[in-house]
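Engineer: Join these two chains into a complex; the hints should help.
So the protein sequences, as listed, match chains A and B.
So in numbering that gives the first Met the number 0 the end of the first sequence lands on 309, straight run, no missing numbers.
So in numbering that gives the first Met the number 0 the end of the second sequence lands on 262, straight run, no missing numbers.
One should not assume that every hint holds.
[Stated by the list, open to error] Derived CB-CB ranges, DEER-like:
| id | chain 1 | residue 1 | chain 2 | residue 2 | range |
| --- | --- | --- | --- | --- | --- |
| 1 | A | R74 | B | S58 | 20 to 28 Å |
| 2 | B | A127 | A | M31 | 43 to 51 Å |
| 3 | A | S146 | B | P105 | 21 to 29 Å |
| 4 | A | V268 | B | Q250 | 28 to 36 Å |
| 5 | A | V96 | B | G203 | 48 to 56 Å |
| 6 | B | M215 | A | K52 | 43 to 51 Å |
[To be verified] According to the in silico footprint, chain B covers these stretches of chain A (three or more CB under 8 Å from chain B):
| id | region |
| --- | --- |
| 7 | 73 to 79 |
| 8 | 233 to 246 |
Everything labelled a hint here was simulated from the structure, so no lab data went into it.
Given the structure is predicted, the values throughout are model-derived calculations rather than measurements.
For glycine and all other residues, C-beta sits at the position ideal for the given N, C-alpha and C.
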Amino acid sequence: MAAPFRISRTDRVVEWLVTVAGMSGLVVLLLMLVFIAREALPLLFDHDVSFAKLFLPQAVREGRPPAWVWQPISRVPKISVVPLIIGSLKVTGVAMVLAAPVGIAAAVFSAEFAPPRLREVIKPVVELLAGIPSVVLGFFALMVLASALQSLFDWPYRLNAIVAGVAMALAIVPIVFTVTEDALRAVPGSYREASFALGATRWDTAWRIVLPAAAPGVLGALVLGFGRAVGETMIVLMASGNAAIVSARLSDSTRTLSATIAAEMGEVVPGSTHTSLLYFLGVMLFVVNLVLNGTVGAWARNRVQRARGR
Amino acid sequence: MLLAVLAAPAAAGTITIKGSDTLVGLSQRWARAFSRKHPDITVQITGGGSGTGLAALESGATDIATSSHPLGEEEQARLAAKLGHAPIVVPVVRDSVAFFVNAKNPVRALSLEQLRDVLLGDVARWSAFGGPDRQIITYTRESTSGTYGFVKERVLHDEDFASTLQPLEGTGAVVNAVSHEPWAMGFGGTAFARNVRVLAVRIGDEEVLPTSENVMSGKYPLSRQLYFYVPVHPSADTAAFLEFVRSPEGQAIADRAGFLPLQ
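This is chain B alone, in the form it adopts within the complex (with noise of 0.2 Å):
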């Protein structure tokens, strides 16, 4: 209860989003440049993951829900029960989930099939696929990241993550151990590698990489939408930051934030 009275909406003025890890950093990036043309209104991004923010507009603690995953009928319900109504789905952005090797290791692409061996524990050395006689080491993130989701539901076909994958927090934290340690993998959003390979994922003779062409045309096969869920009636600034970043001066900032545009 108290918690509830604690984390109610701030007033007028501010907009609170709460939510996917995957969208926070290019959600600052649009609340700084919403901020300069509405001085009077402050933005507050909170990560936490898909279901942290899904939560807190159940609860009514965050005008903008962020989520890296489309609403399951089971959320839909539960939400419409809780709000009166189910909440405005609004696409804001495309981005691919890469998975990440380090820059030393001379595994170059995978195909969806060895992924998720590697994924469920079947194989567990590098050596399977061409590399040294080494661990395979996997970094994963915890169960109400999207990302995490999503990998599970497109490459492990709903099957459950090996027990031996560490979860992390944040895809930052996945890039930023992988970077550090020769023969770990990771997985995350695209627009978040830094100082780390990004393995091509192999169909048929193909090695496709994460680029914007490919991710475009639909020849990538792990790309997605990001959503932003708000109330039906939600507030008139709310409805300004939506119009924002949905503008092609939003879409724009989404584009140099290594993420793609809409079509």
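Isolated chain A (complex conformation) (with noise of 0.2 Å):
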């Protein structure tokens, strides 16, 4: 008698706690960006700061040419934010153009190719380098990657764009990889075997009809491979030598938002112009991610979804 009336309040219960579980992570994503941006705020009321000085060339020392500085701690700070923006760029650059072919041909082969037990051995394995605590990817970019690539190519720095963007790839090979498998093999078998029985080889099916149809969700692990590499910090704080130089080179040391909000929190007085500087650097970061997800991902799901109504 006991029985259906207990059952149906533990499901009250369970239904609740799922609900609150659900609705966490909205909420706790609305109040980083709220905290995040207040702490920034107080920069737009700082006569110290200007949309000239973040964003514009400054004069920096008499008789030289205006330039983009970032040294916040200084008789005169130099708050910048370009050169750091230019960093960013450049380590996420060169891990994208890495890890981009790598991550989307080696998922091309898992589901395409790859014989079922191979592939099972594949995926895991790709996936277990995801496991890899960033900390160990930088302190292996910082001691054998770097004097390796330096030995090679005799760059001035030791540690640059390149060695970090290098590392990088490695964090988010496994990402665009699995991301990328997931969606071409949630393309439906019937294309595959329309296109055979046209008389395609294996190879043009997977590359003129698999992959196109599997490009908005190729097109989301890339997303998602860049959002984990802006934000990526202590591989780029170890590996790219921090120091915030403006130049096309990759082959020079460079300081990122990330790694740069990493550095300095340590040394920020609570409430100064330098704090609501490094907030807003990660006011930043943040943006970055939710316009590019917002946009490019739902984008994504949208020619998903077109697809499958065809």
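Structural biologist: Here it is as structure tokens:
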């Protein structure tokens, strides 16, 4: 007699718990954004900060052309975020150029060509790569990769955007691989059968039919990888050299947005302009990811739904 | 708030020391010797830079802040406002700041003006100093470091380091990088020099190395005192530790670690 009552109550409690868990992600995200933005807000009313100082070249030394310089602790603080944005783009660019082809090619192999037994080995092993802590990748880049690459290419800077980018590529290949692989395998088998029936080879089928059909998913994979690369901190902090240099050379030392927050948060005076600036860097990282995931991610989901409807 | 609670000074029987990375190794040696005499007292030591130590002293998170520079007026005012009084400044040891190059580098000495040119980014290649035509790769420290502040003040006359300099965590990391890269240069406490060449500073026609004689006589220009900062009313344990550090025994330990005793 008591049993049905107990079950329904358990039901309700569990339902409530699941709802709370489901909503917590959304709430945390909103709270984060509000909190970070609030901490960065004082910049708007700070006389030491202006759009020009943040984004346009400024006079740094007498007799020198204006330049973008990040040196927030100084008699005259220089707060241009341009070197940091360039740094983030350089490292992320190198990482994406390496990780995208490798990740996608590996996914095509695993989904379209690999015998099932081999696939059952490849997929978990590559996904295991994603579990390597970034500090370990950073340490590897710092101690091993940097010296090896320097002796190969004779770069003046041992730690630079390429070293950090290569290590970062190791971190994002598994992401690109896993998501792409899932997208390829979600393409209906009938597509492949139709292609084979028309006499196409396996390669033609994979390249011309399956990959285009999975394109939105692949794009989603790249966006996820990009997001991870832009925000990743430990690898760049350890392997990029952290000099905020404005240049086009990838073999120059470089300082990223995320590494700047990590390196400088310990030294800021609470409530100072410098603190707000670091939060502003955080807002930029946050917004880049939000916008990318919101636009490209939404577009990709839309494409997938349309394809299913057709 | 939570952080402040978590970081509150440890209970009686322990002394926490935080700050200058230059002093971490020496403080550990002092602490080991001190703990042998006072087995009931534990000493906990962390680095982070002189600025970090002062911030911890300000928030009450440490008993002793170590620093490689004397308190500025602004810092003194801020601490006084927070603690109700300015902290006691205790010089504990002398050291000198040396410029390091790789052992393969043929350059032996640079003048202060030449060092300044390199750190400001005005001179970028070793060929300017009679070395090979290779780029000078310069390492520096993060801006919390007292050593960074010292070089900025004494060599750069408060101008800014060039943005091509790569900041590293700790003098040990700088020495390690310079020892592995043939055309690198860095700076830090002379006591840290291992497997690198210490550059002499050229003054007039003379090349002055940071030997103990040259530092004690004031001939080597880049020497400084290192300090402990403590609140006006330190605990009995902290006071005992300070006394030990300044005793002949404590100063002898500093001497063995490559630092110079106070006069």
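Engineer: Could you run down the list of hints and mark each one as holding or not?
Structural biologist: How the hints compare with the structure:
1. R74(A) and S58(B) have their C-beta atoms about 26 Å apart, which keeps the hinted 20 to 28 Å range intact.
2. Take A127(B) and M31(A): their Cβ atoms lie about 50 Å apart, and the range 43 to 51 Å holds.
3. A C-beta distance of roughly 22 Å is found between S146(A) and P105(B), which places it inside the suggested range of 21 to 29 Å.
4. Between V268(A) and Q250(B) the CB atoms are about 34 Å apart, so this pair conforms to the stated range of 28 to 36 Å.
5. At roughly 54 Å, the beta carbons of V96(A) and G203(B) sit within the given window of 48 to 56 Å.
6. Taken as a hint, the range 43 to 51 Å holds for the pair M215(B) and K52(A), whose Cβ atoms sit roughly 46 Å apart.
7. With 3 residues having a beta carbon nearer than 8 Å to a beta carbon of chain B, the region 73 to 79 of chain A meets the requirement of three or more and the stated coverage holds.
8. Only residues whose C-beta sits within less than 8 Å of a C-beta in chain B count toward coverage, and the region 233 to 246 of chain A has 6 of them, enough to reach three; the restraint holds.
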